[in-house]
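K.L.:
Here is how the chains run, residue by residue.
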Amino acid sequence: MAAPKILMKRGLENPESSHTLDAYEEAGGYRSVRRALDMDPEKIVEEVKASGLRGRGGAGFPTGTKWSFIPRDSEKPTYLVCNSDESEPGTFKDRWLLEKDPHLVLEGMMICAIAIDCRLMFNYLRGEFSFPIKRFQAAVEEAYANGYLGKGIFGSDYDLDVVTHYGAGAYIAGEETGMLESLEGKKAMPRNKPPFPAIEGLFGCPTVINNTETLAALPWIIENGAAAYRQIGTEKSPGTKLFSASGHLNKPGVYEVDLGYSLLEFIEQECGGVRGGKKLKAVIPGGSSVPIMTPQECVGAKMDYEGLRERGSMVGSGGFMVIGDNVSVPACLLNLAHFYAHESCGQCTPCREGCGWIEQLIDRLLDGRGTQGDLDRILRLADNMAGGKTICALADAMAWPAVSYIKKYPHEFAELCVEPVDMDALEAAVAAHAHVLP
Amino acid sequence: MTPVPRRREAFTLSDERLERADRIIARYPGKLAAILPILWLVTEEKGWISPEAMEWVAAKLDCSPAKVQAVVTFYTMFDDHPVGKYKLQVCRTLSCELMGARRIVDHLRERLGIELGQTTGDGMFTLQEVECLASCGTAPMMQCNLKFYEHLTPDRVDALLDELESREPEWEDVEPVIWDRPSDDAYRAMFPESGKALRRERTGGAEVEEL
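Residue numbers (the working numbering), protein chains in the order written: chain E, 1 to 438; chain P, 439 to 649.
Simulated from the structure, these hints should not be mistaken for lab results.
The reader is advised that the hints may include incorrect statements.
Claimed, not checked - Some chain P residues judged to face chain E by a derived CB distance under 8 angstroms, without partners named:
(1) 463
(2) 498
(3) 502
(4) 531
(5) 545
(6) 573
In this text, a Cβ means the ideal position worked out from N, Cα and C, and glycines have one as well.
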């Protein structure tokens, strides 16, 4: 089911003032961080591990495990970076949290900081988020004014500062090591790993980078316990997740969903069905990077990490895009190929060249000048981009849509070609490159 | 057109912004980390980042001007050339295009008489397409300087431009304007030929329409 309980409750019940400290505290806010201050930091990490919380930014890595890589005996300072560079096409959930409930994000950051013994934390918001930046910064100032940040927070002997940092327009700054480069004042070009940020991150110091929504789940987990969190969702995907629904829907918007919820019910119940009486043509359930789903694949699909993997897609960032049946799937791919070609940082050749070439090939196809050879070329290019051939996953994020769109809507691509397409040969070509898909 | 050499003008921030710059630099463990916020201050002051401003930032942060230029040109929100008083940036990515962003761009091109990337002769408006701005549920949308306008229709764009033409930019007000959701009919009207969603005008042919 989809019911706001952990992340959206306050913001929906009290939309006019939920962003203020008064409203947040009245609704029970800042109790968890006080509790965390009394806990052994290791115990906080264990609790979050036990909750099964997974990263909500896209990769779905277990949060507590990520924290446990931070060395306890390091002489260097430890940093926390909250990733609010929400730029994945179709995703607008973190914006909602930052605008409606910035104190929730801030409390989540404090809890994580205490768990990893961090004294200076950063929230990196995308530069276009002028209003979320303003809201978050106002929350920070309220917190400082009340002694919740600064020297001896909440009357303890724990000092904690936060910097509201903002970018200036770069999708790749949302990649965690790209973000660190950007925060250090450089071009946001992702770093080779290892070393992983937990060992050598920001300014060469141990660093945790967590998504905004991940951190926002922490106050509830600390207050109610890991066992209670595990009561929600499924065994392997516990808890709730925000899905930001857009495209051809009657009621687009941000929804908090118990993981494991039925995908078709989500479209029909929460999102009010496909707009304008159109039929469903395709769903992109987790942001533009994830493979596309056909209506057949949506039947019986569950919105959780395992359920969507079973159907050949991913939860990703929860950017849930619905496409009606009057839309050309190759045209959607062109739109996204332009995005990735524009956003590739350019340091790895397969990505820099591959994204641009794929865009040009689809452009030629939609221009009525494409051939079956072009479809083969797109598939081969995707194969040469994906699977660890580049420093970060942006190349994969282009390759997955490219291969999955051709695989699942082959006739639409074939019909654009100037000469008749040998569908058996196209199917064989797809099969030869299908290992690219996650 | 032969480029006219620009007269070099010494750059510095206003006293108030200079003070803010120093406070910002002090927050970070390393000076260079302050480069994005400092470049934002420069943008606020001048509207764009000139070569002299880059040299000024480099001196301020103890790095080379080339390093500053690399950052300025990497991030899409910074301009290394003058832009209009109002920068209109229409989101072109998938969710917005599904809801008629192309119609909005066409409307702006017609009304302003400029192409993407250009600035009107009076220096009022610069028109650009940008990538996803995290307003997909309220598509189509655009960012005008720092402010979001969501659920756009051609009529709303007209009313907004009329209003902007009659006043100065307001940098402090960044609360998004989210209009009511247009009706299905209004959306349909944004796709002049039915079923043309996300089709390239050039394609046109019957076989594409049948998809």
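K.L.:
Answer holds if the nearest beta-carbon of chain E is closer than 8 angstroms to that of residue 498(P); otherwise answer violated.
P.N.:
violated (12 angstroms)
K.L.:
Does residue 545(P) pass the interface hint, meaning its C-beta sits closer than 8 angstroms to a C-beta of chain E?
P.N.:
violated (19 angstroms)
K.L.:
Hold the hint about residue 573(P) up to the distance rule: shortest CB distance to chain E must be less than 8 angstroms.
P.N.:
Nearest chain E Cβ about 6 angstroms off; hint holds.
K.L.:
Report holds or violated for the interface hint on residue 463(P), using the least CB-CB distance to chain E and a cut-off of 8 angstroms.
P.N.:
Hint on residue 463(P): violated, closest Cβ of chain E at ~11 angstroms, above 8 angstroms.
K.L.:
Hint residue 502(P) vs chain E: min CB-CB distance below 8 angstroms?
P.N.:
violated (12 angstroms)
K.L.:
Does the nearest C-beta of chain E fall within a distance shorter than 8 angstroms of the C-beta of residue 531(P)?
P.N.:
At 5 angstroms from the nearest chain E Cβ, residue 531(P) passes the 8 angstroms test, so the hint holds.
When held up to the earlier numbered hints, the structure conflicts with 1, 2, 3, 5 and fits the remainder.
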